[in-house]
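Visitor: Sequence:
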Amino acid sequence: MITSTLNDLTIEYNPINLPGVLSSDFGSQTTYYSTGGSKIMTVNEYDDPSTGYPSELTRLYFMGMELEYEGVGNFSSTFTPKAYNFGDGRMLFDGNDIRKQYHLHDHLGNVVVVFEDKNNDGFIEETDNPNTNEVPHSYINPN
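Residue numbering for the sequence shown is 4 to 146, as defined by this note's numbering.
Calculated from the structure, these hints are not laboratory results. Check each hint, because a few of them may be wrong.
Unchecked claim - Okay, derived cross-link-like pairs now, PhoX-like style, lysine-lysine, Cα gap no bigger than 20 Å in a straight line:
hint	residue 1	residue 2
1	K85	K103
2	K85	K121
3	K85	K42
4	K121	K103
As the list claims (entries may be wrong) - Quick list of the computed label-pair ranges, beta carbon to beta carbon:
hint	residue 1	residue 2	range
5	T13	N122	38 to 46 Å
6	V116	P84	21 to 29 Å
7	I19	F118	31 to 39 Å
8	I19	Y56	31 to 39 Å
9	F89	P22	40 to 48 Å
10	D28	Y87	29 to 37 Å
11	S41	D131	39 to 47 Å
12	P18	D51	26 to 34 Å
13	T13	M44	15 to 23 Å
14	Y35	Y87	32 to 40 Å
15	K85	D51	17 to 25 Å
16	S41	T83	20 to 28 Å
17	N113	I19	20 to 28 Å
Given the structure is predicted, the values throughout are model-derived calculations rather than measurements. Glycine included, every Cβ here is placed at the ideal spot set by N, Cα and C.
Generate the whole structure from the sequences, applying the supplied hints.
Guide: Rendered as structure tokens:
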């Protein structure tokens with residue numbers, strides 16, 4: 004797909020057939036890759052509706068670490084750590100807080116379950132609390 008008339012999205016692919024630039028009326032996202040196809044950096048450019056200034060959100064990917072830089076108008080910040088990915092999940096950095104998320108993978112290596120200890124009591128429990136984002140599933144054997 005190169006263009007989508009449904010949401011006015013245009014996609015430009017790079018020489019190794021990965022999406023390089025996604026453009027719409029709301030802004031654009033440019034993704035840079037290594038020659039092996041690993042994502043190195045994404046740059047999102049858009050007009051911030053709260054300030055009316057052009058804004059930029061850049062995310063660097065380096066050895067499992069994700070660093071983020073945000074600039075609004077002429078004001079900019081420095082790169083701050085946002086996440087560190089490891090084999091069984093990732094750590095999310097939010098100010099002085101560190102949240103650990105763990106992943107369960109299927110036989111192909113795709114992440115199928117993400118879980119974390121949201122109340123920091125040291126336990127991860129399965130609940131049927133409607134205030135969580137837990138999605139109940141029922142599996143029926145057709146045989």
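Visitor: Would you mind marking each hint as holding or not holding in the structure?
Guide: Going down the list of hints, with the structure as the test:
Under the criterion of a C-alpha separation no larger than 20 Å, the hint pairing K85 with K103 is consistent with the structure, at around 12 Å. The hinted pair formed by K85 and K121 meets the criterion: a straight-line CA distance of about 17 Å does not exceed 20 Å. For the given pair, K85 sits about 16 Å from K42 by alpha-carbon distance, which is consistent with the 20 Å threshold. Between K121 and K103, the direct Cα distance comes to roughly 9 Å. Compliance with the 20 Å bound is thereby established for this hinted pair.
The hinted window of 38 to 46 Å between T13 and N122 holds, with their beta carbons roughly 44 Å apart. Evaluation of the 21 to 29 Å hint for V116 and P84 yields a pass: the beta carbon distance comes to about 25 Å. At roughly 34 Å, the beta carbons of I19 and F118 sit within the given window of 31 to 39 Å. Distance hint check for I19 and Y56: the Cβ-Cβ separation is about 34 Å, which falls inside the suggested range of 31 to 39 Å.
A beta carbon spacing of about 26 Å between F89 and P22 contradicts the range 40 to 48 Å that was offered as a hint. Checked against the given bound of 29 to 37 Å, the beta carbons of D28 and Y87, roughly 35 Å apart, stay inside it. Separation of S41 from D131 is about 40 Å and conforms to the stated range, judged on CB atoms against 39 to 47 Å. Between P18 and D51 the C-beta distance comes to about 32 Å, which sits within the given range of 26 to 34 Å.
Our hint of 15 to 23 Å for T13 and M44 holds, since their Cβ atoms are close to 20 Å apart. Between Y35 and Y87 the C-beta distance comes to about 20 Å, which lies outside the given range of 32 to 40 Å. At about 19 Å, the beta-carbon gap between K85 and D51 stays in the expected band of 17 to 25 Å. Judged by the Cβ atoms, the range 20 to 28 Å given for S41 and T83 holds: they are separated by roughly 22 Å.
For the pair N113 and I19, the supplied restraint of 20 to 28 Å holds, since their beta-carbon distance comes to about 22 Å.
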